[in-house]
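Novice: Taken in sequence, the protein lines are chains Z and U. So the first sequence is numbered by our numbering: it starts at 1 and just counts up by one. So the second sequence is numbered by our numbering: it starts at 1 and just counts up by one.
No wet-lab data here; the hints were simulated from the structure. In this text, a Cβ means the ideal position worked out from N, Cα and C, and glycines have one as well. It is possible that part of the hints are untrue.
Said to hold, decoys possible - Reference listing, derived: stretches of chain Z covered by chain U, where coverage requires no fewer than 3 residues with Cβ under 8 Å from a Cβ of chain U:
1) 70-82
2) 133-143
Stated by the list, open to error - Straight line, CA to CA, 25 Å or less: simulated PhoX-like cross-link-like pairs of lysine-lysine:
3) U:K255 / U:K69
4) U:K75 / U:K138
5) Z:K48 / Z:K104
6) Z:K48 / U:K12
7) U:K138 / Z:K26
8) U:K69 / Z:K26
9) U:K161 / Z:K26
10) U:K255 / U:K232
11) U:K224 / U:K255
12) U:K138 / U:K80
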Amino acid sequence: MINNTSFLIVLRFILLVLLQVLVFNKLNFFGYINPLIYILFLYWYPIKQNRTTFIILCFFLGLCVDIFSDTLAINAAATVTIAYLRPTIMRFVFGVNYEFQSFKLNNSTKAQQFTFLALLIIIHHLVYFTLEIFSFSNSLLILQKTIIVGIATLILGMLFSTLFSSKKE
Amino acid sequence: MQQIINFLIRYKIFLLYLFLLLISCIFTFQSHSYHQSKFLNSSNYITGSIYTFSDDITSYFGLREENNKLVEENKRLRDKLFNNLVLSPALIDSTSVDYEVIRGRVINNSYADQRNYITINKGENDSIVQDMGVITDKGILGIVENTSDNFSTVQSILSDKSNINAKIKNSNHFGSLVWENTTDYNVVQLIDIPRLVPLTIGDTIVTGAMSSIFPENIPIGTIKRFDLDNSKSFYFIDVELFNDMTNIGTIYIIKNLNRKEVLELEAETEAND
Chain Z
1 MINNTSFLIV LRFILLVLLQ VLVFNKLNFF GYINPLIYIL FLYWYPIKQN
51 RTTFIILCFF LGLCVDIFSD TLAINAAATV TIAYLRPTIM RFVFGVNYEF
101 QSFKLNNSTK AQQFTFLALL IIIHHLVYFT LEIFSFSNSL LILQKTIIVG
151 IATLILGMLF STLFSSKKE
Chain U
1 MQQIINFLIR YKIFLLYLFL LLISCIFTFQ SHSYHQSKFL NSSNYITGSI
51 YTFSDDITSY FGLREENNKL VEENKRLRDK LFNNLVLSPA LIDSTSVDYE
101 VIRGRVINNS YADQRNYITI NKGENDSIVQ DMGVITDKGI LGIVENTSDN
151 FSTVQSILSD KSNINAKIKN SNHFGSLVWE NTTDYNVVQL IDIPRLVPLT
201 IGDTIVTGAM SSIFPENIPI GTIKRFDLDN SKSFYFIDVE LFNDMTNIGT
251 IYIIKNLNRK EVLELEAETE AND
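Chain Z on its own, in the form it takes in the complex:
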């Protein structure tokens, strides 16, 4: 059972990195919209796992995407941030009951899943574009990119999570 979960996580890691760098980094919709779809790794990651492993894994996830797209190490910084904040966001979205053994992402309402993903994306993109552009004179550009690319990521993220969610019993 444990092996099965770890195998799934590693597979997800590799597939999401490849999907990000080979497909979504080349999308360039309207010139600059490249959805950062690899965030779904944090959305799907099991809840009751060791936090230390989770944060280190997320750091390497970001670093892998960085190495491929020559953006050292903006993705890593943004991903580590949401990895650290994930329990806080989950408590905010799902209430205290997410800590119970029986809690599953699939059992929560669509609205909750949507808010959870949206919060992850907003924080991630804000850190990402702040570090990428890195000047306060361009703060409007940072906000504009965060919102527009964030919406694109959100739409695709919801599509993917619906497509690949395990069926409800």
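Got chain Z sorted already, so can you dock chain U onto it with the hints?
Specialist: Leaving out everything else, chain U in the frame of chain Z:
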């Protein structure tokens, strides 16, 4: 002591987070001001192979277009040849050659970021080193930044770190080519041209002679719009590129055989000051 250990254990997640964030921030700020880190870039073996694999598949879809481009370039070169605009082959022997051209292919291209890098399929085994110029048949593309055995990354002219010597064709007034409006990937900016220079919209901009990376007179683009900058003594010129930065296949890497000598001489002169 016990309390310190307790503190560390209680906040170990937070400390780990701070540590990893610090590492990524150091990487980020280093790449803002210096060259990228030597190994953590897309010219390494694994990323290079994956990009080659993906390029092997996608390059088939543009073969006809690619062929047309090459025929067009051949036509231009033949025009020059028949009108005697180049030296006859007898005059070009190996001792009088200043530049060597190496051909290559783009295997990964980006143009939507603030600092764009292009990965190409030629590396140290093809005698590529840092700071070589990269051009296409239409104009300049960038400068080689990192190399591995078989791949290199190229810092595109679409990068806020890029700064290339350029001039107005036929007038020899030179300035610096930069990318300031980082949302428009077809337009770069030419700065430091004095206001007494006569300009017209549509003038051609080419590379200048002040660089030891690019030969003189490689086309860049045409003037799209110009205006005086804040100091009112220099122009701020928008240059529309000849290259379509979103669609690049075959490229040429330029090796300046005199570069070492030029750099040594310059270093010597500065040391004597």
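Novice: Does the structure keep K161 of chain U and K26 of chain Z at a Cα separation of 25 Å or less?
Specialist: Status holds; Cα separation ~22 Å.
Novice: Would the pair K138 of chain U and K80 of chain U pass a check requiring their Cα atoms to be no farther apart than 25 Å?
Specialist: Holds, because 16 Å separates the two Cα atoms, which is no more than 25 Å.
Novice: Mind checking the alpha carbons of K255 of chain U and K232 of chain U for me, to see if they're no more than 25 Å apart?
Specialist: 38 Å, violated
Novice: Within 25 Å, alpha carbon to alpha carbon, are K224 of chain U and K255 of chain U?
Specialist: Cα-Cα ~31 Å, so violated.
Novice: Under the criterion that the straight-line Cα-Cα distance not exceed 25 Å, is the pair K138 of chain U, K26 of chain Z satisfied?
Specialist: 22 Å, holds
Novice: Are the Cα atoms of K255 of chain U and K69 of chain U separated by 25 Å or less?
Specialist: 23 Å, holds
Novice: Are at least 3 residues of the segment 133-143 of chain Z within less than 8 Å of chain U when you compare beta carbons?
Specialist: holds (count 3)
Novice: Just to be careful, I want the Cα atoms of K69 of chain U and K26 of chain Z compared with a cutoff of 25 Å; is the pair within it?
Specialist: Status holds; Cα separation ~22 Å.
Novice: Sort out whether K138 of chain U lies within 25 Å of K75 of chain U, counting only the CA atoms.
Specialist: 13 Å, holds
Novice: Is K48 of chain Z within 25 Å of K104 of chain Z, Cα to Cα?
Specialist: It holds: about 10 Å lies between the C-alpha atoms, which stays within 25 Å.
Novice: At a Cβ distance under 8 Å, does chain U reach at least three residues of the segment 70-82 of chain Z?
Specialist: Our answer is that it holds, as 9 residues pass the Cβ test (under 8 Å) against chain U, meeting three.
Novice: Is the straight-line distance between the alpha-carbon of K48 of chain Z and that of K12 of chain U 25 Å or less?
Specialist: 18 Å, holds
Figure legend: structure checked against the earlier numbered hints; hints not met, in rising order: 10, 11.
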